[in-house]
Amino acid sequence: MARAKLSMRERYRLLTRDLDWEPTYVEPEKVYPYTRYEGIKIHDWDAWEDPFRLTVDSYAKYQAEKDKKLYAVVEGFAQGQGHLSLSDARYVNSLKLFLCGVTPLEYAAHRHFGFLARYLDGPGARFAALCQSIDELRHTQTEIHTISQYNKYYGGLHNFSQMHDRVWYLSVPKSFFEDGISAGPFEFLTAISFSFEYFLTNLLFVPFMSGASFNGDLATMTFGFSAQSDESRHMTLGLEVIKFMLEQDEGNVPIIQDWIDKWFWRGYRLLSLVASMMDYMLPKKIMSWKESFELYLEQQMLEGLFPDLEYYGIRPPRHVQQAITEKDYMSHQVAWILYQFSFAANFNATVPPKEEMDWMSQAYPDTFDRHYRPLWERARSLQEQGKRFFFQGLPMLCQTCQIPMGFTEPGDPTTLCVRTSEYRGERFNFCSDGCKWIFDREPEKYVQAWLPVHQIYQGNCGGTSIPEVLEWYGIQDGVDNGEYLTSPDKANWDKWHAPSVVGGGVS
Amino acid sequence: MTSPQKVRQVGVDLQDSEETRPLLEAIEQDNPGANVSRMPGLVKIQKPGELVIRRETVEDRMGREWETHEFQVSIVSYSGNIAVWDDDEIVIKWEH
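Protein sequence lines correspond, in order, to chains A and B. Numbering follows our numbering, in which position 174 of the first sequence is assigned residue number 174; successive positions increment by one, without gaps. Numbering follows our numbering, in which position 1 of the second sequence is assigned residue number 1001; successive positions increment by one, without gaps.
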């Protein structure tokens, strides 16, 4: 087969620059109406560099290859009853979190990058956005196909889309992404391409994908590797867009700094769900949240990336010091919140077994035994007496991140942190200085938040009783929610793994 | 800058499979001093300063034609900046 005569560089140039034109019938500002109002100044879109330089032919070829490989594994996994090789049914709760929390964000990203593929002025940027839009749809589809297999055998996975729109803890990822898609294009690119997909990406993906690998989940692990190969393009887009904006005009620097500050904190609070997942939902641990944070954020990002950005006058995110301080206790605080409210969630929670508590004593030597072991031991004792503890009521949510207000003052895990702001005569509550700062910059945006607990009290969630709310959520009471040890998931698991002479597994 | 510049690590994480084995060998050959470590399904390659992937070396190891575009099928993550990506090589390093 003859080698292509054109170089990669030349093919890319023809696709992006050569096919582009200056509009003459219409003012450029009318063709691209959204890229001026944020105050970001772009003087030369042609300076956009895309290292990957994919063209339609190479994109389609390699993406098709990735899909074929993945679906072959998914089929084999299903045919071989692969789920029986999981470390424990308890692990599946991490997938319930992922499918309902993360997959809908992939879909939203697909939609928004499609919007950017039309409305960014530069052809290189538009084509990169188009590829990402298709990538994100592929991720949505592959996640659904991969994880839906588990729906045949485990609870909580049957209605991810409805749950994402309605369930209290899922408003955390939902509101995060809606904050981004309701912002302008440059803020969205800073929020998602840079902050989420470059700066914070490893903190999201490694726990889930390595967690899958360590816990016998071949299907999800294979999906993870398939998606990660696209992620390197997304990371590149994120880094490219940040440098592009910073290089185009010095006036862009303070605007971008503010966005970096905002989106680090929003993303970090969102990741608290991942932190508690990796420390509490994985029977086989990869590493602690603390270790993960130290490696991926402190070392790779703060010591690796930010010195590069210093060149442009960008400093590390405001409030990053609090995140560093909190690494010793934040995951435990959020795990405790999820444990006591799991009656209203689509996953089961339980007190960690003794070996895991001992692991946590090692991983968190300054905080676990002092502040959290006593709490979990008390919870275990109640559980064993048949009085499993659930919070009797509903929590106050932070107006910005929408997480229940269980966070504490920086450096002091014993004192609850509450911040407030008044806006047009009404008081709003926040879990931290970071969330308050975000609100105070754009109060008009956050006063419109759809807070799940407020909505329940206002009678907008199916009724005034918990069973009515659960039905509105689409959560099967006694199946999807509550305590793991008394759940159908555990009962089935034990049945499937009971010694038997005939056949294998599920009946 | 008040503190002395230490040379920062750049790196790439690859899928650990039979397909990527020759790719890994090529990278090790072209980047003496690179540190290779493994996690399940993953190979981490790290090196201070700069990492280069050369098509010719990869083709030599694989025993077939290989285009640099194929690299993106095997990559999981990278740390640094993609400074060069053309038909013959890929270079990862920090810019400033």
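Misleading hints may appear alongside valid ones.
[As the list claims (entries may be wrong)] Computed list of lysine-lysine pairs in DSS-like fashion (alpha-carbon distance at most 25 angstroms, straight line):
1) A:K490 - A:K152
2) A:K327 - A:K285
3) A:K354 - A:K152
4) A:K285 - A:K354
5) A:K152 - A:K41
6) A:K41 - A:K327
7) A:K30 - A:K284
8) A:K152 - A:K495
9) B:K1044 - A:K66
10) A:K284 - B:K1093
11) A:K285 - B:K1044
12) A:K69 - A:K5
13) A:K69 - B:K1044
14) A:K152 - A:K61
15) A:K354 - B:K1044
Calculated directly from the structure, the hints in this document are not laboratory data.
Status of the hints after comparison with the structure:
1. A:K490 - A:K152: holds, 15 angstroms
2. A:K327 - A:K285: The hint holds at about 17 angstroms.
3. A:K354 - A:K152: violated, 31 angstroms
4. A:K285 - A:K354: holds, 14 angstroms
5. A:K152 - A:K41: Measuring from Cα to Cα gives roughly 52 angstroms; hence the hint is violated.
6. A:K41 - A:K327: violated, 37 angstroms
7. A:K30 - A:K284: Not satisfied, since the Cα-Cα distance of roughly 55 angstroms exceeds 25 angstroms.
8. A:K152 - A:K495: holds, 16 angstroms
9. B:K1044 - A:K66: holds, 21 angstroms
10. A:K284 - B:K1093: With a Cα-Cα distance of about 35 angstroms, the restraint between A:K284 and B:K1093 is violated, given a limit of 25 angstroms.
11. A:K285 - B:K1044: Holds, because 19 angstroms separates the two Cα atoms, which is no more than 25 angstroms.
12. A:K69 - A:K5: Given pair A:K69, A:K5 is violated - Cα atoms ~29 angstroms apart, limit 25 angstroms.
13. A:K69 - B:K1044: It holds: about 22 angstroms lies between the C-alpha atoms, which stays within 25 angstroms.
14. A:K152 - A:K61: The given pair, whose Cα atoms are some 33 angstroms apart, is violated under the 25 angstroms limit.
15. A:K354 - B:K1044: violated, 33 angstroms
In this structure, the earlier hints numbered 3, 5, 6, 7, 10, 12, 14 and 15 are contradicted, and the remaining ones agree with it.
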